[in-house]
Amino acid sequence: SQQGEEDPQALSIQEGENATMNCSYKTSINNLQWYRQNSGRGLVHLILIRSNEREKHSGRLRVTLDTSKKSSSLLITASRAADTASYFCATDGSGNTPLVFGKGTRLSVIA
Amino acid sequence: DGGITQSPKYLFRKEGQNVTLSCEQNLNHDAMYWYRQDPGQGLRLIYYSQIVNDFQKGDIAEGYSVSREKKESFPLTVTSAQKNPTAFYLCASRTSGNTEAFFGQGTRLTVV
Numbered sequence: 476s477q478q479g480e481e482d483p484q485a486l487s488i489q490e491g492e493n494a495t496m497n498c499s500y501k502t503s504i505n506n507l508q509w510y511r512q513n514s515g516r517g518l519v520h521l522i523l524i525r526s527n528e529r530e531k532h533s534g535r536l537r538v539t540l541d542t543s544k545k546s547s548s549l550l551i552t553a554s555r556a557a558d559t560a561s562y563f564c565a566t567d568g569s570g571n572t573p574l575v576f577g578k579g580t581r582l583s584v585i586a
Numbered sequence: 003d004g005g006i007t008q009s010p011k012y013l014f015r016k017e018g019q020n021v022t023l024s025c026e027q028n029l030n031h032d033a034m035y036w037y038r039q040d041p042g043q044g045l046r047l048i049y050y051s052q053i054v055n056d057f058q059k060g061d062i063a064e065g066y067s068v069s070r071e072k073k074e075s076f077p078l079t080v081t082s083a084q085k086n087p088t089a090f091y092l093c094a095s096r097t098s099g100n101t102e103a104f105f106g107q108g109t110r111l112t113v114v
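Protein sequences, first through last, are from chains S and U.
Everything in the first sequence is counted per my numbering, starting at 476 for the first residue and increasing by one.
Everything in the second sequence is counted per my numbering, starting at 3 for the first residue and increasing by one.
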C-alpha cells in the first residue's frame with residue numbers, strides 16, 4: 476500500500492525559481508522523509524522530519540510537516556539544472572515498520 | 003568505503019527462468035529491504051528483513067523469494083511464478099526503523 480501521495484506529479488521550472496512539492500499521507504507517522512532519485516539510479520536521502528517537528532531546513536531545502544492535515548511540503552529554493560530528478564516522500568510508522576513511499580514528483584529545472 | 007551494492011546493473015531473464023539479484027551492504031545495518039519500481043511509479047515493497055535469519059513479506063511478495071543468512075547480504079530471487087518481472091529493483095538498508103535508508107544503484111530486470 477502506498478501511504479504518501481505527491482503533488483504535482485510533474486513540475487517544470489526555470490533555473491533560479493523555487494520548486495514546491497507536496498505530500499499527503501493517510502495514517503499516523505513517527506517521521507516523514509524526502510528522497511531524491513536521478514534517472515535510472517538509486518534513491519538518496521535528503522531530509523527527515525519527526526512528527527513533533529513543524530519545519531526543518533537543510534541548505535536550499537525546507538521541509539514542513541502538518542500532522543493535523545497529514546501533509547508535508549518540500550521547498551527547493553534557487554533551483555539549479557542539477558536539481559532535475561524525481562522526489563519522493565516516505566513515511567515511517569511506529570516500531571520497525573518499513574518506509575512506505577509515494578509515487579513521486581518529477582522535477583525538471585530548465586537552464 | 004561504506005555502502006550498499008547491487009549487482010548486476012542489468013539482467014535479462016528468459017521466460018520460465020529463475021534469476022537472483024544480489025544486494026550486499028557493509029554499513030552494519032540490521033534492516034534490509036527490496037522494492038520494485040515500475041516506470042513513472044513509486045516504490046513498492048517486496049520483502050524486508052529486520053534481523054538475520056528472519057524476513058517478512060511486503061505488499062507484492064508473490065513470485066519472489068529472499069534469504070538472510072548473513073547480516074551483509076539479502077539476495078532476491080525472481081521466480082518463474084512472477085508473471086510480470088520487468089522492472090527496476092532497488093535494495094535498501096538502515097540501522098533500524100525511524101532512521102534514514104541507504105539505497106543501492108538498482109538492478110534493471112528485463113524479460114526476453
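Any given hint could turn out to be false.
Simulated pairs of lysine-lysine, BS3-like, Cα-Cα distance not exceeding 27 Å [said to hold, decoys possible]:
| # | chain 1 | residue 1 | chain 2 | residue 2 |
| --- | --- | --- | --- | --- |
| 1 | U | 59 | U | 11 |
| 2 | U | 11 | S | 501 |
| 3 | U | 11 | S | 578 |
| 4 | U | 85 | S | 578 |
| 5 | S | 501 | S | 545 |
From chain S, some residues computed to sit far from chain U (all C-beta separations above 12 Å) [as the list claims (entries may be wrong)]:
| # | residue |
| --- | --- |
| 6 | 491 |
| 7 | 493 |
| 8 | 494 |
| 9 | 505 |
| 10 | 508 |
| 11 | 521 |
| 12 | 529 |
| 13 | 539 |
| 14 | 544 |
| 15 | 553 |
| 16 | 559 |
| 17 | 567 |
| 18 | 574 |
Because the hints were derived from the structure by calculation, they are not lab data.
Built from N, CA and C at the ideal position, the CB exists for glycine as well.
Results for each hint:
1. U:59 <-> U:11: The hint holds at about 24 Å.
2. U:11 <-> S:501: violated (34 Å)
3. U:11 <-> S:578: Judged against 27 Å, a Cα distance of about 23 Å means the pair holds.
4. U:85 <-> S:578: holds (23 Å)
5. S:501 <-> S:545: holds (7 Å)
6. 491: holds (27 Å)
7. 493: Residue 493 of chain S clear of chain U: closest Cβ-Cβ about 24 Å, beyond 12 Å.
8. 494: Holds: least Cβ distance 19 Å, greater than 12 Å.
9. 505: violated (5 Å)
10. 508: It is violated; residue 508 of chain S is separated from chain U by about 6 Å at its closest Cβ, not greater than 12 Å.
11. 521: violated (9 Å)
12. 529: holds (18 Å)
13. 539: holds (19 Å)
14. 544: holds (21 Å)
15. 553: holds (24 Å)
16. 559: holds (15 Å)
17. 567: Given that some Cβ of chain U is not farther than 12 Å from that of residue 567 of chain S, nearest at about 5 Å, it is violated.
18. 574: violated (6 Å)
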